[in-house]
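Participant: For chain A, the structure is supplied; the task is to place chain B on it using the hints.
If you read the sequences in order, they're chains A and B. In this text, residue positions in the first sequence follow numbering that gives the first Met the number 0: the first is 0, and each later residue adds one. In this text, residue positions in the second sequence follow numbering that gives the first Met the number 0: the first is 0, and each later residue adds one.
Treat the hints loosely; a few may be bogus.
As the list claims (entries may be wrong) - Listed next, the stretches of chain B that the computed footprint assigns to chain A, with coverage defined by at least 3 CB atoms under 8 angstroms from CB atoms of chain A:
1) 164-176
2) 296-305
3) 528-537
To be verified - Pair ranges (Cβ atoms, derived):
4) 34(B) with 98(A): 47 to 57 angstroms
5) 38(B) with 186(A): 28 to 38 angstroms
6) 88(A) with 169(B): 39 to 49 angstroms
7) 290(A) with 32(B): 48 to 58 angstroms
8) 90(B) with 266(A): 44 to 54 angstroms
9) 94(B) with 88(A): 50 to 60 angstroms
10) 98(A) with 439(B): 26 to 36 angstroms
11) 94(B) with 465(A): 21 to 31 angstroms
12) 272(A) with 468(B): 25 to 35 angstroms
Simulated from the structure, these hints should not be mistaken for lab results. Note that beta-carbon positions come from the ideal geometry of N, C-alpha and C, so glycine has one too.
Number of protein chains: 2
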Amino acid sequence: MRATVELSVFEQHRELLERATQACRTRSSFSAFDGAEVSVADRDEAHRWFAAQVDNAFELDQPGQRTLQHDEVSPYTGQRLGISYPKASVEDLINAAEAAQTGWADRDLTERIGVCLEICHQLMRANAHLGVAAFHTTGQALGMALTGSGTNALDRGLEAIAMAHQSLARVPASATWVRAFGKTKTSLQKRYHIVPLGIAVVVACASFPAWNAYPALLANLATGNPVILKPHPTSVLQMALAVRICRTVLADAGLDPNLVTLAVDNTDQPIAQSLVTRPKVGIVDFTGSSEFGSWIEDHAGQARVYTETSGTNTVILDSVTEIDPVLRSLAGSLCLFSAQMCTTPQNIYIAADGVRTAHGVISADQVETALVQAVQAISTAPTRAAAIMGAIQSAKTIDNLAELTAEIRGRSRILLEPAPYQHPDYPQARTSGPLIAGVDIADQDLYGREHFGPVAFVIRCDDSTQALRLATAGCRTAGAITAFVYSTDEQYLNRAEREFATAGAALSINLTGAMPLNFSAAYSDYHVSGLNPAGNATLTDESFIAGRFRIAQTRRPA
Amino acid sequence: MRATVELSVFEQHRELLERATQACRTRSSFSAFDGAEVSVADRDEAHRWFAAQVDNAFELDQPGQRTLQHDEVSPYTGQRLGISYPKASVEDLINAAEAAQTGWADRDLTERIGVCLEICHQLMRANAHLGVAAFHTTGQALGMALTGSGTNALDRGLEAIAMAHQSLARVPASATWVRAFGKTKTSLQKRYHIVPLGIAVVVACASFPAWNAYPALLANLATGNPVILKPHPTSVLQMALAVRICRTVLADAGLDPNLVTLAVDNTDQPIAQSLVTRPKVGIVDFTGSSEFGSWIEDHAGQARVYTETSGTNTVILDSVTEIDPVLRSLAGSLCLFSAQMCTTPQNIYIAADGVRTAHGVISADQVETALVQAVQAISTAPTRAAAIMGAIQSAKTIDNLAELTAEIRGRSRILLEPAPYQHPDYPQARTSGPLIAGVDIADQDLYGREHFGPVAFVIRCDDSTQALRLATAGCRTAGAITAFVYSTDEQYLNRAEREFATAGAALSINLTGAMPLNFSAAYSDYHVSGLNPAGNATLTDESFIAGRFRIAQTRRPA
Chain A
0 MRATVELSVF
10 EQHRELLERA
20 TQACRTRSSF
30 SAFDGAEVSV
40 ADRDEAHRWF
50 AAQVDNAFEL
60 DQPGQRTLQH
70 DEVSPYTGQR
80 LGISYPKASV
90 EDLINAAEAA
100 QTGWADRDLT
110 ERIGVCLEIC
120 HQLMRANAHL
130 GVAAFHTTGQ
140 ALGMALTGSG
150 TNALDRGLEA
160 IAMAHQSLAR
170 VPASATWVRA
180 FGKTKTSLQK
190 RYHIVPLGIA
200 VVVACASFPA
210 WNAYPALLAN
220 LATGNPVILK
230 PHPTSVLQMA
240 LAVRICRTVL
250 ADAGLDPNLV
260 TLAVDNTDQP
270 IAQSLVTRPK
280 VGIVDFTGSS
290 EFGSWIEDHA
300 GQARVYTETS
310 GTNTVILDSV
320 TEIDPVLRSL
330 AGSLCLFSAQ
340 MCTTPQNIYI
350 AADGVRTAHG
360 VISADQVETA
370 LVQAVQAIST
380 APTRAAAIMG
390 AIQSAKTIDN
400 LAELTAEIRG
410 RSRILLEPAP
420 YQHPDYPQAR
430 TSGPLIAGVD
440 IADQDLYGRE
450 HFGPVAFVIR
460 CDDSTQALRL
470 ATAGCRTAGA
480 ITAFVYSTDE
490 QYLNRAEREF
500 ATAGAALSIN
510 LTGAMPLNFS
520 AAYSDYHVSG
530 LNPAGNATLT
540 DESFIAGRFR
550 IAQTRRPA
Chain B
0 MRATVELSVF
10 EQHRELLERA
20 TQACRTRSSF
30 SAFDGAEVSV
40 ADRDEAHRWF
50 AAQVDNAFEL
60 DQPGQRTLQH
70 DEVSPYTGQR
80 LGISYPKASV
90 EDLINAAEAA
100 QTGWADRDLT
110 ERIGVCLEIC
120 HQLMRANAHL
130 GVAAFHTTGQ
140 ALGMALTGSG
150 TNALDRGLEA
160 IAMAHQSLAR
170 VPASATWVRA
180 FGKTKTSLQK
190 RYHIVPLGIA
200 VVVACASFPA
210 WNAYPALLAN
220 LATGNPVILK
230 PHPTSVLQMA
240 LAVRICRTVL
250 ADAGLDPNLV
260 TLAVDNTDQP
270 IAQSLVTRPK
280 VGIVDFTGSS
290 EFGSWIEDHA
300 GQARVYTETS
310 GTNTVILDSV
320 TEIDPVLRSL
330 AGSLCLFSAQ
340 MCTTPQNIYI
350 AADGVRTAHG
360 VISADQVETA
370 LVQAVQAIST
380 APTRAAAIMG
390 AIQSAKTIDN
400 LAELTAEIRG
410 RSRILLEPAP
420 YQHPDYPQAR
430 TSGPLIAGVD
440 IADQDLYGRE
450 HFGPVAFVIR
460 CDDSTQALRL
470 ATAGCRTAGA
480 ITAFVYSTDE
490 QYLNRAEREF
500 ATAGAALSIN
510 LTGAMPLNFS
520 AAYSDYHVSG
530 LNPAGNATLT
540 DESFIAGRFR
550 IAQTRRPA
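The shape of chain A in the complex, shown without the other chains:
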């Protein structure tokens, strides 16, 4: 009965899976959720749903004792959410996951994939609730919370399911093998078993949890591994709701809902170190700081570790036809979600001689001034700022920004002071426009590492050749996910393409217009190359899937 139900779930989503699979191959544009706009009525209902969660127990029937989560504070209202979640010991979470594992790994591939697709489907149905939960934990503007943390994150999840399905389907279930040894023929019947690695722990980040957690969660489930999802203690609600949806789909399919559990901890008593080093944990997906990413790589030797950490993304302004569209795009990128995205550029290189344009050279001073103006057109206009910048997830980011500003004031040029804007709907919102500093190439101690949040450096260099050398060296030492080069010189662009590829940054060339520079398209853009310290978890190439399961075989006389 159950198997039939699940098979029908797979059949129901089969066409979608085929389209996603096709998009992964051609890498042309696709979204499973085009036209699935959230209506105003749905948004309003979602805000009411959120209000009902505040100061209440979150309904989640899983191991653990209901415990008030002190760490969650809305970046918009400044109020503690006051939500209680089931809080379980690491031991209990491990035991529950282990007990759930056996039945899951033995399921037919089609059943597992069907359940994963249904999870995607149900997450999409809850997109408005998930979005408002993201809004009040990450500080994203609601538009981004519904798309970047919603449809786009789910597309990356579906992409991971499609890639996992393909990879698993390429291993046949059985084979007949006949060969002569001397004068005798040996005939063997062989069976190939997909064996999961073990319990998978997904450690999500505070500011953009869904984008990395969905692909990791779904890739792990598809390949047979139970998942313990540990959100950042300040950003639990969206992931708690996602876990509840997973558990409902699993239970409805007659499966053990403990295949997906939520691990809740606190900033003053973190459990991630204990969790990721448990012997039964076979996989760790981590998104967060490079310090903790390195700690996991050094200490969780029992597990296959997938990371996305941090880096210094780069812009090189060599030469342009028109400067204005370029600076508008750059300004938009520096403002989008207050630069709290892993794809935001931080280091902008320009030659001290200025930037060549179709209308003559624009001096470096002029470029700086125009960039600041383009940023201020967003960051000082409350309605635009609210829609684009949203709020700052962590108070620590504001503190760091103040410290960095003070440090720079003493030694370099501050082009734009970081200043809050007044949110039109949430007067208590924690906001900040970018700090933009003008520095020299010698100031590597400043621009040579990531400053999380709205920080950008305009780095004056001798020429674009030096810029390329410094920028790619920065990828290698500090990591980088993206790079942006503006040039009218095809030879230079060829060189940049080659060198950024080797350094492992995804390069956008002469990109302006309506698409945000940061935008990374599921099915088309490979996100994180694995070639520099910014991480090894590529969304979504075969290396993101291949390590999560192994193959064990049996052979016997046919």
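Facilitator: Just chain B, lined up with the frame of chain A:
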């Protein structure tokens, strides 16, 4: 001109590649080298070639100073080979590989694959020379040196090329991507670059270098990485010849031959630690002891590490129809290459009550006696022994065997003393029949770890359920590549299949007859599961390929 030449090389081997690719998918029987028997005349010529190498400089035009290799001693003649090889510093090898890398990674996939296929082809043409080189370094019987170290190893190499080609070909070179943002359409042209990880170091083992080195070498080359091949200092000649063949093919294709170099070291001055931890080394393939494998995993954090180490392979004798064919197969496996193979079983579990057969129960004592007789039928018959057992690669194995025998004499039952046989052609050959010891389950300090060489334990246990529990626990703690279960009870076999799959040992059920138990078929048998400490390098699944290259992308307005 060059490109045309290489393309034609690819075309020349295209059909073979397609057949290998098809075999990887269906996992049915295939060999690229069926019918390629080495004639007696070829063998004689190869022996003469070897004689000419002895006490001479090996012709290999690569970085390094010609240096007499003190460590190579033929296990057959007991004579030092006295061959000189170019010996280079780690620094020079790294620099040469790095200089060669750029041009190689930029080649078209078809060019790289064509070169890899041609290398396979030329290695096969040199099979007789390579086989005699393996004979006088590894101690393998010539038959095995020409097949296991020859055709079978090359099939595993071709398998790796086919898997790499498929994986690389699934990444499109470019895509056009169009999507509306608001009312504006953004059209992007995207390019996807295959980027190798960096210099690849292949550390080969002393007793069976080709089998793991060929797949690693060819997977690395196919994915764009230059290779430094470091053979064991006592077993250089075959790998030196293989490197020379690679370099000739590369040079003939107009490529930098330093894409493949030989790293020679000595047992008293090993360089592997220095080599594998160099920052520019991106990949390490290691075959050898689990101690050094763990050291590499702990210290070569800058590299992706693929390992095949050691383990305690298992036999469970539960119940059989006829005992004699089973014991003949087991005896053959215990004797094959004097149990110096990673697939040889070491731990044989039988219930203290004996083994059920179609003709009644055979007592444990009787099974032991019959097994010893079946082994002696090989190990005391010089001509059979020479053909099956060959010689012992390392004098250390003989010493260890003597120590272990002395240790067991004091506390357990020695069922068969390890005794040399007189090789009919090489009176000085270093040989040994197996040590077979009868132990109890409490003797885990003896059977709970691998004893390299001809050692087997018959472990008396309470029943087959206990045997299965102990055997799979042994896989998890000490590692295991293979397992062999003999039972007429389908329920028991189902349980064994499930539990050995989870423990990650490749299980053969009720296997008897002409095929050696140890035989692992390229394109069909997954070798090493990655699920236990015996290693993570599966020949050949997608995880063996996926980590060796990454993808970097560029996008620009279309």
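Participant: Each of the hints needs a verdict: does it hold here or not?
Facilitator: Each hint, compared with the structure:
1. Requiring three or more residues with a Cβ within less than 8 angstroms of a Cβ of chain A, the coverage given for the stretch 164-176 of chain B holds, as 7 such residues are present.
2. With 3 residues carrying a beta carbon less than 8 angstroms from a beta carbon of chain A, the stretch 296-305 of chain B meets the three-residue requirement, and the given coverage holds.
3. Remark: the stretch 528-537 of chain B is confirmed as covered by chain A, as 4 of its residues place a Cβ nearer than 8 angstroms to a Cβ of that chain, reaching the required three.
4. Separated by about 53 angstroms at the C-beta atoms, residue 34(B) and residue 98(A) satisfy the suggested range of 47 to 57 angstroms.
5. Between residue 38(B) and residue 186(A) the Cβ separation comes to about 30 angstroms, which falls inside the hinted range of 28 to 38 angstroms.
6. At about 43 angstroms, the beta-carbon gap between residue 88(A) and residue 169(B) stays in the expected band of 39 to 49 angstroms.
7. Between residue 290(A) and residue 32(B) the Cβ separation comes to about 52 angstroms, which falls inside the hinted range of 48 to 58 angstroms.
8. Range check, residue 90(B) to residue 266(A): about 47 angstroms between beta-carbon atoms, so the 44 to 54 angstroms window is met.
9. The given range of 50 to 60 angstroms is respected by residue 94(B) and residue 88(A), whose C-beta atoms sit roughly 53 angstroms from each other.
10. Residue 98(A) and residue 439(B) have their C-beta atoms about 33 angstroms apart, which keeps the hinted 26 to 36 angstroms range intact.
11. Against the hinted window of 21 to 31 angstroms, the Cβ-Cβ separation of residue 94(B) and residue 465(A) comes to about 25 angstroms, which satisfies the hint.
12. With their beta carbons about 32 angstroms apart, residue 272(A) and residue 468(B) fall inside the hinted range of 25 to 35 angstroms.
In terms of the numbered hints stated before, the structure departs from none.
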